[in-house]
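Asker: If you count by this note's numbering, then the first sequence holds residues 3 to 288, one letter each, in order.
Worth flagging that the hints you see were computed from the coordinates, not collected in a lab. Heads up, some of the hints might be wrong.
[As the list claims (entries may be wrong)] Straight-line distance between alpha carbons at most 16 Å, and here's what the computed EDC-like set of lysine to aspartate or glutamate pairs gives:
| id | residue 1 | residue 2 |
| --- | --- | --- |
| 1 | 174 | 276 |
| 2 | 221 | 155 |
| 3 | 221 | 150 |
| 4 | 221 | 154 |
| 5 | 174 | 155 |
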Amino acid sequence: MARNSGQTSGGAKRSGVPELPETETIARDLNGLCAGLAVTGARILRPDVLRGSTSVRFVRDVAQARISTVARRAKTIVLTLDRGIRILVTPRFTGALHFDLPADPYVAVHLDLESGHTLDYRDVRRLGTVALVDEGGYAAWSARIGLEPLGEDFTAAVLPGILRGTRSAIKKAIMDQRLIAGIGNIYANEALWLAGIDPSRPSGSLSARQCEELVAAIKNVLTASIAARGTTFRDYRDASGGRGGFAASLQCYSRGGEPCGRCGTRLTETHAVDGRSTVFCHRCQA
DNA sequence: AGGGGAACCCGTACGC
DNA sequence: TGCGTACGGGTTCCCC
């Protein structure tokens, strides 16, 4: 039984859902490619990905608008157009935004841009979404999401306040988008390994020292992954179809049964914390 | 309130 | 070999 196909390992399926570093990579690339370009036309090929508008309204509102910026909030790519409208693209599992993609049967939303360029939302399984919002809708959506973990205002001092009132496991809490934005299963596992904190530990039980370690670990792992253009297991691709390079740097996620990089103890994999794959070192995570 | 579970999708893996 | 089915995975919504 070979255990290193490069796409899966240990028998478990790993899709590698776009989290903060992956959506940040897409947003940065697209901002360089698309900012300032006018939309000259739009086609909705799979209306079920749309939220907050119909196909007819989406095409009417977006056509002839100009893209001013492309940025990221949580795991969502935010295209800000003039005329006070924004397109919120949340890729979820198999979704991706592609610049100048050749014809493809899985395109759900297609934008024609000036100078002959195109921007496509492609999604094989279509659990991702493309929402059209006005400024008020964007503000309301953003207000429901917690602090950006790479922001200056996300510090060890504010973490206890964020965790106050939740008695769930710390791993679940840092993945809760209402508390902290953009952390999914991969980076939750990695941050807790880096910080030496047991994923099942109750959120309110962290010491001040552990809060510091956790905030630093979250910032470090997200920053390092962005530098590597994210983690690709199978599905994730950047806006030009490229893969992320951070999978080789993961210390625990997908490495259940392998030796801990700090102490050599076999890493434990469990689904007991939140029903998701949780990998940790029972010796150096307390 | 906050926790649990279903719904949303369909390619892939696996069972017979 | 071929067909049928269970599975996954983040978010939202509903229910308790």
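Asker: If a hint holds in the structure, say so; if it doesn't, say that too.
Answerer: Now the hints, each set against the structure:
For the hint linking residue 174 to residue 276, the alpha-carbon distance of about 7 Å falls within 16 Å, and the restraint holds. Proposed proximity of residue 221 and residue 155 is supported: the alpha carbons are some 12 Å apart, at most 16 Å. Of the pairs offered as hints, the one joining residue 221 and residue 150 holds, with about 10 Å between alpha carbons and a cut-off of 16 Å not exceeded. Taking the CA atoms of residue 221 and residue 154, the gap is near 10 Å; set against the 16 Å cutoff, the hint holds.
The suggested pairing of residue 174 with residue 155 is violated, with an alpha-carbon distance near 21 Å, which exceeds 16 Å.
Going down the numbered hints, you'll see the structure goes against just number 5.
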